[in-house]
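*Asks:* Residue strings, one per chain:
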Amino acid sequence: TQLLEQSPQFLSIQEGENLTVYCNSSSVFSSLQWYRQEPGEGPVLLVTVVTGGEVKKLKRLTFQFGDARKDSSLHITAAQPGDTGLYLCAGGGTQGGSEKLVFGKGTKLTVNP
Amino acid sequence: NAGVTQTPKFQVLKTGQSMTLQCAQDMNHEYMSWYRQDPGMGLRLIHYSVGAGITDQGEVPNGYNVSRSTTEDFPLRLLSAAPSQTSVYFCASRQHLRINYGYTFGSGTRLTVV
Numbered sequence: 001t002q003l004l005e006q007s008p009q010f011l012s013i014q015e016g017e018n019l020t021v022y023c024n025s026s027s028v029f030s031s032l033q034w035y036r037q038e039p040g041e042g043p044v045l046l047v048t049v050v051t052g053g054e055v056k057k058l059k060r061l062t063f064q065f066g067d068a069r070k071d072s073s074l075h076i077t078a079a080q081p082g083d084t085g086l087y088l089c090a091g092g093g094t095q096g097g098s099e100k101l102v103f104g105k106g107t108k109l110t111v112n113p
Numbered sequence: 114n115a116g117v118t119q120t121p122k123f124q125v126l127k128t129g130q131s132m133t134l135q136c137a138q139d140m141n142h143e144y145m146s147w148y149r150q151d152p153g154m155g156l157r158l159i160h161y162s163v164g165a166g167i168t169d170q171g172e173v174p175n176g177y178n179v180s181r182s183t184t185e186d187f188p189l190r191l192l193s194a195a196p197s198q199t200s201v202y203f204c205a206s207r208q209h210l211r212i213n214y215g216y217t218f219g220s221g222t223r224l225t226v227v
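Protein sequences appear in the order of chains A and B.
Our numbering applies: residue 1 is where the first sequence begins, and numbers increase by one.
Our numbering applies: residue 114 is where the second sequence begins, and numbers increase by one.
These are calculated hints, taken from the structure and not from any lab test.
You can trust all of the hints, since none of them are fake.
Simulated crosslink set (DSS-like; lysine-lysine; CA at most 30 Å straight-line): (1) A:Lys-100 - B:Lys-122; (2) A:Lys-100 - A:Lys-56; (3) B:Lys-122 - A:Lys-108; (4) A:Lys-70 - A:Lys-57; (5) A:Lys-108 - A:Lys-70; (6) A:Lys-59 - A:Lys-108.
What you are looking at is a predicted structure, and each value in this text was computed from that prediction instead of being measured.
Chain A on its own, in the form it takes in the complex (with noise of 0.2 Å):
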């Protein structure tokens, strides 16, 4: 079975702060996916790795997959209360000969102003 460990479970920090969320597994995955999630409201894409190495830039937020394809990290620059929310990684390969994705549990952010 594959498992996808996220750390920290919450992190609070203030305003103008960076942080980095890292998500690791003993598996090697197809792509990896990072989600947002506030509450009362489903998961939202944010990005999609695909290739060992990869680097993507959404705004603030920075998404690295490991060389491996084992690990991937999101880095926020200089956050905001509006990056408050639940980020998830999910990571995608084939188990019993079909494609699954697999969720880690979860980083709780809060920003305060």
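Using the hints, position chain B against chain A.
*Replies:* Below, chain B alone, put in the same frame as chain A:
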């Protein structure tokens, strides 16, 4: 607006009752799925479908049934509700069968079984 629509938003059931959670998407997505989200457990796959008439079990299928008679609709049925099924349920779809294409999630159904 195009997307995934889930109804109801909230539901309280008594133990043993049955109900259907509705999910509809208007994006002509082939793949649809149901997840439950519990504190400390993350999102867990219940059932999924790769097209009309085709369904399969996910990680936690017991106590739930699904059907896919049309591309647009993918209802989730609770046969006999149990307190362990108290959770937030999300329907998600994606355009292609390949998982590299991200999901579009509905806004969820918060279910409480008493």
